[in-house]
Amino acid sequence: MYFLGIDIGSSSSKCVIIDENKNIVGRAVKNIGTGTNGPSVVIGEALAKAGITEEQIDFTVATGYGRANHTQADKQITEISCHGKGVAHLVPGARTIIDIGGQDAKVIKLSETGNVDNFVMNEKCAAGTGRFLEVMARILNCELSELSELAKKSTEEVEISNTCTVFAESEVISQLAQGTKREDVAMGANHSITSRVAGLARRIGITPIVVMTGGVAINDSVVHSMEEQIGYDITVAPDPQACGALGAALFALESFNKKNN
Amino acid sequence: MADIKSMIAEFEEIALNPAKSAAKLKKESGKKLIGMFPYHLPEEIVYAAGMLPVGMWGGQTDFKLSNKYLQSFCCSLIKANVEFGMNGAYKGILDGVIMAAYCDTLKCICEDWKVAVVEPTGMPLIAMYYPQNRKIAAAVPYMQAEFEKAQAQLEAISGKKVTEADLEAAWTVYEAYRAECRKFVKLVAKMPATLNATKRHLILKAGWFMDKKAYTEKLAALNAAIEAAPAEAFKGKKVLVEGIIVEPIALLDAFVENDVCIVADDVAQQSRMFRIEGRKAGTVYEKMAYRIVDAYADPLLLDEKKEHGEELIKMAKEAGADGVVVCAMKFCDPEEYDYPIFKKQLEAAGIPVLYMEIEQQMASVEQYKTRIQAFAETLA
Ligand code: SF4
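Chains as they are written, first to last, in this note's numbering: chain A, 456 to 716; chain B, 1064 to 1443.
One or more hints might be untrue.
If you want the ones that stay clear, here's a sample from chain B, every Cβ over 10 Å from chain A, calculated [stated by the list, open to error]: (1) A1086; (2) G1155; (3) E1174; (4) E1182; (5) M1191; (6) Y1193; (7) K1198; (8) Y1205; (9) E1238; (10) K1281; (11) M1378.
Below, simulated DSBU-like cross-link-like pairs (lysine-lysine); rule was C-alpha separation at most 30 Å, straight line [what the hints assert, rightly or not]: (12) A/K713 <-> B/K1298; (13) B/K1369 <-> B/K1198; (14) A/K530 <-> A/K564; (15) B/K1246 <-> B/K1223; (16) B/K1212 <-> B/K1343; (17) A/K636 <-> A/K477; (18) B/K1377 <-> A/K564; (19) B/K1246 <-> B/K1369; (20) B/K1343 <-> B/K1249; (21) B/K1393 <-> B/K1177; (22) B/K1087 <-> B/K1281; (23) B/K1154 <-> B/K1127; (24) B/K1276 <-> A/K713; (25) B/K1083 <-> B/K1223; (26) A/K530 <-> B/K1253; (27) B/K1406 <-> A/K564; (28) A/K564 <-> B/K1393; (29) B/K1369 <-> A/K564; (30) A/K564 <-> B/K1298; (31) B/K1298 <-> A/K714; (32) A/K607 <-> A/K636; (33) A/K564 <-> B/K1407; (34) A/K530 <-> B/K1298; (35) B/K1087 <-> A/K714; (36) B/K1089 <-> B/K1276; (37) A/K564 <-> B/K1380; (38) B/K1350 <-> B/K1170.
Treat the hints as calculated values from the structure; they're not laboratory data.
We put the CB at the ideal spot given by N, CA and C, even for glycine.
For reference, chain B alone in the conformation it holds in the complex (with noise of 0.2 Å):
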């Protein structure tokens, strides 16, 4: 169990302070660091080209500077990505950003950032476009087409000719890395105090500020500690999370504070990139690219038949939620549409729902808690 808390405190370290970790990362491994912008993005070839990707997840600023660009209507995590390019928290961590167009505000900022960001840094930025039909047979080649493109931007930024054997090796990587995840996320219920909500998070998160091969192998150990331990017995609720991202760290301690344990998460910053299992036939950049294809639930890429309530239901069930908080992010789009839509299924099959608007710089969640709190007692 000690082993358990220590391996915990060493991602929370890393988690907590993600521009610190970042620059150490940075440091000792000697490697160029590329910012993820922050969805579904090509992390193999960054990997491949002998650099490591990192997440951009916003975090705790004002926004003095992005007001310039963005006006008040855009969501959080987007004014404190663009804070951060603006103020120079990235400068000498981040050689370069990848970012894709995937809503309305991420197809403006990709302009911006080029005035706001790349002008007077020179920070190299790569603008990816992946295809709104992802499930027409052009959409395969299209995406290959568009990660070509990537790979030589990246290479003229490492200095290094990829080559298949590189793609295969990074892509072996970063399945392995997301087998573990999976496997993470499951095994929460099994010590539902000790893997609480807030921890869950950071043990996450850590991913996304660490060289992807070193993140797995210490969360294999996790895992695998957890695997040997004994279930936590435990009388609080079960919840699935679902949302962008879940933060600040406070609206997190409201969940542990009330006991309440999320036992599977339909979160952008966690299981939507790590749940698909890439396919095993075809070049690497096939099987990268069908990661995008086969994804589901997910408001970010579209979803013609509205499945996304459908496949809340069975995770919910399959973790054996006792319901569902929707953590919206404030003024996200893709969300939004998807809400109605999904809440309607999940109150026709009996699932409660929780609906908490958010902002990743809220300074007080005095309300989020009363929320939380009295959910938990209907819950009961």
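Extracted from the complex, chain A is given alone in its bound form (with noise of 0.2 Å):
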């Protein structure tokens, strides 16, 4: 029996497939989300890596800011509570997940027994977002992928405001006018996006062990600058930006096992 989680965010389609025992058969990321043809790519090929089709999946859940118009979705479920789902699985013990997603960021703080107790979102802002991120890498000339070693190589600490990304935007153009190097600005932007969320972290309170998930998560620079800021050890949930899908599929193999017994 396989159960299938989609996760269907602003700016990627993540998929996850699991069997019976809860094993990954299969998993793909995309970097285009809602509105996209990313989600039925990312089936597509987490259904191809399982060996199997679509016909033999016994329920889907769908997560992520494009939930609700995944039709095809047995059930819809908040990302909230499927990244509670899947780093509670992935990491016992969890409680606090810090997960910095495209367009939103959000922190929820797990019960003992890894149930969601609280979360709080970012206001309607891309500032300490991935697009915060994305918009910095592009005016430092380099891809996303890339500013977390650019950061590292950074030797002198450069304030970025973390209200506003269209500031922080100007500002940055005018500190590498002014000759600040890249490397600097780029770490000053991993301090902006930590800053922001820390602030946020702190309003439901922050419990070990914290967790970071979402694609932000693969950049190890900000999720140090995070660890200086919350002054927590982080564990970077196993395949972070999966986390929500995986959740989706451990609630769709729950839903089907509730409904068939």
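Using the supplied hints, reconstruct the complex from the two chains, each of which is provided in its own coordinate frame.
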């Protein structure tokens, strides 16, 4: 039996297929999100990896920003619950999840038993989200994936506004014009995003074990900067981008069992 | 059931089209309308003077003209009212406006309104001041004096002298209205699907654009029909909402989509205006003043003991709410001052809280949908 979780974000689509023993048999991630063919592409790839067809899927749960548009799903559950579920499965004992996605950032508090206790999300603003780093990468003329390496070479601290992406953009351009090194700006951008999200985390309280998920967690200099900000070690979830999709697949398994028992 | 549905549809129609409803009310009643800007105002005097009070609860608009007086850090509710005042939306509908300085924004607006609206349109403004120290002995005579001042100004607009008998009659209408509203909000839990978050809101909002006597009769009929109907089975979650207003409608629809029923409210547009039952003794003005003295858990009225949280806990428990949803009006400082205190109290009492900062004119509520759905999932 197979259970599919699809996480349709604002800028990426993720799919995870598990079997009845919660083993991951298929997984795919694409950096195009809701409103694109991203969801169908990742589902196709994950099915191919699992070596099965769509008909063999027993239950599908959709999550993420575009969850309501995925009409093929048997159920839709928020990314908050799905990240909680995925992380509780991957990192037993996790109590705080910091998830930085393409267009939002959220901090989720888990109970001792791994259920979502509370959560906070960023207000409607790109500051403190993956979008902010994308803008920074563009100004620094590098790929998003190169930003982390660039920041590691930083030698001097640069302060960048953490309140507004548009202001930060012009601030960075003038920093570069004044001769500030790209590496230092890259590090400044990391600090900017982590101080913003750390503020969000403090609102609901931080309890270890702290886990980071979402695409931004791949950037290890952001993770390091976040550790400094919150004063706790951070565990990066295995395959952090696909955590929500895994949670959705786990919910699919649970829902299927509930329905059939 | 068909009866209940058609009764609700009538309220809905009125509440969804405030401008049209107010114009119709004016035409059909032949009475002058006085805008309530918007909290705790002496509606009884307006009514006694042979006019009808109508609510001024913002609305959907872009802010073009109001930016002249209101900075970006002012609440969207007042911005909308000022925008409508300046763009002529109230022209031909309102014959006057009553406003009281309950918050810093309203304090400034009392003055701005005179220049922005009263001067160009001639629409009179009755500015009132309520006492901060509402529990001390001097508060009641002070409020009586304010009511008398307002009465004289209202008499000038209506051309009718207000007698004690007029006031008594108006007080009776309003006490009956408030009692019926209190009854209604308690009955919602019996029919959580029919009286979903959106419908509940619109039923209560309609009262702001109707003659209170006619509204009370209609609401009493609805209440009686609900009482006679069988209780609805409900698998969703029940919440208490807190805030100034809970709008736009798309936000309320997000509660409905996620099977979240609003079983109680601590909302300025709703229960805060009608939950206080008037005292029985004294003159009408004394009784009106005591409604302010007796008010509780209202961020607009000084609460030295900070009892808002305890009251919320009590209200949530009485209504059987699974959690509290705070709809904090962005840039509303009275609400923002209270929140950190009552949040701690609610959490200590084990009541889950969802905090959402809202604006009345939010174009997209997608993220709010996720929050409400996620909150409902955590309550599961
Ligand atoms: S919403 Fe708050 S800030 Fe705005 S007028 Fe009302 S009390 Fe004042």
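Hint by hint, here is what the structure shows:
no.: 1; hint: A1086; verdict: holds (35 Å)
no.: 2; hint: G1155; verdict: holds (37 Å)
no.: 3; hint: E1174; verdict: holds (31 Å)
no.: 4; hint: E1182; verdict: holds (37 Å)
no.: 5; hint: M1191; verdict: holds (35 Å)
no.: 6; hint: Y1193; verdict: holds (33 Å)
no.: 7; hint: K1198; verdict: holds (34 Å)
no.: 8; hint: Y1205; verdict: holds (41 Å)
no.: 9; hint: E1238; verdict: holds (41 Å)
no.: 10; hint: K1281; verdict: holds (36 Å)
no.: 11; hint: M1378; verdict: holds (21 Å)
no.: 12; hint: A/K713 <-> B/K1298; verdict: holds (16 Å)
no.: 13; hint: B/K1369 <-> B/K1198; verdict: holds (14 Å)
no.: 14; hint: A/K530 <-> A/K564; verdict: holds (23 Å)
no.: 15; hint: B/K1246 <-> B/K1223; verdict: violated (34 Å)
no.: 16; hint: B/K1212 <-> B/K1343; verdict: holds (24 Å)
no.: 17; hint: A/K636 <-> A/K477; verdict: violated (47 Å)
no.: 18; hint: B/K1377 <-> A/K564; verdict: holds (26 Å)
no.: 19; hint: B/K1246 <-> B/K1369; verdict: holds (27 Å)
no.: 20; hint: B/K1343 <-> B/K1249; verdict: holds (23 Å)
no.: 21; hint: B/K1393 <-> B/K1177; verdict: holds (25 Å)
no.: 22; hint: B/K1087 <-> B/K1281; verdict: holds (17 Å)
no.: 23; hint: B/K1154 <-> B/K1127; verdict: holds (18 Å)
no.: 24; hint: B/K1276 <-> A/K713; verdict: violated (52 Å)
no.: 25; hint: B/K1083 <-> B/K1223; verdict: holds (27 Å)
no.: 26; hint: A/K530 <-> B/K1253; verdict: holds (28 Å)
no.: 27; hint: B/K1406 <-> A/K564; verdict: holds (16 Å)
no.: 28; hint: A/K564 <-> B/K1393; verdict: holds (25 Å)
no.: 29; hint: B/K1369 <-> A/K564; verdict: holds (28 Å)
no.: 30; hint: A/K564 <-> B/K1298; verdict: holds (25 Å)
no.: 31; hint: B/K1298 <-> A/K714; verdict: holds (16 Å)
no.: 32; hint: A/K607 <-> A/K636; verdict: holds (12 Å)
no.: 33; hint: A/K564 <-> B/K1407; verdict: holds (16 Å)
no.: 34; hint: A/K530 <-> B/K1298; verdict: holds (16 Å)
no.: 35; hint: B/K1087 <-> A/K714; verdict: violated (53 Å)
no.: 36; hint: B/K1089 <-> B/K1276; verdict: holds (15 Å)
no.: 37; hint: A/K564 <-> B/K1380; verdict: holds (24 Å)
no.: 38; hint: B/K1350 <-> B/K1170; verdict: holds (26 Å)
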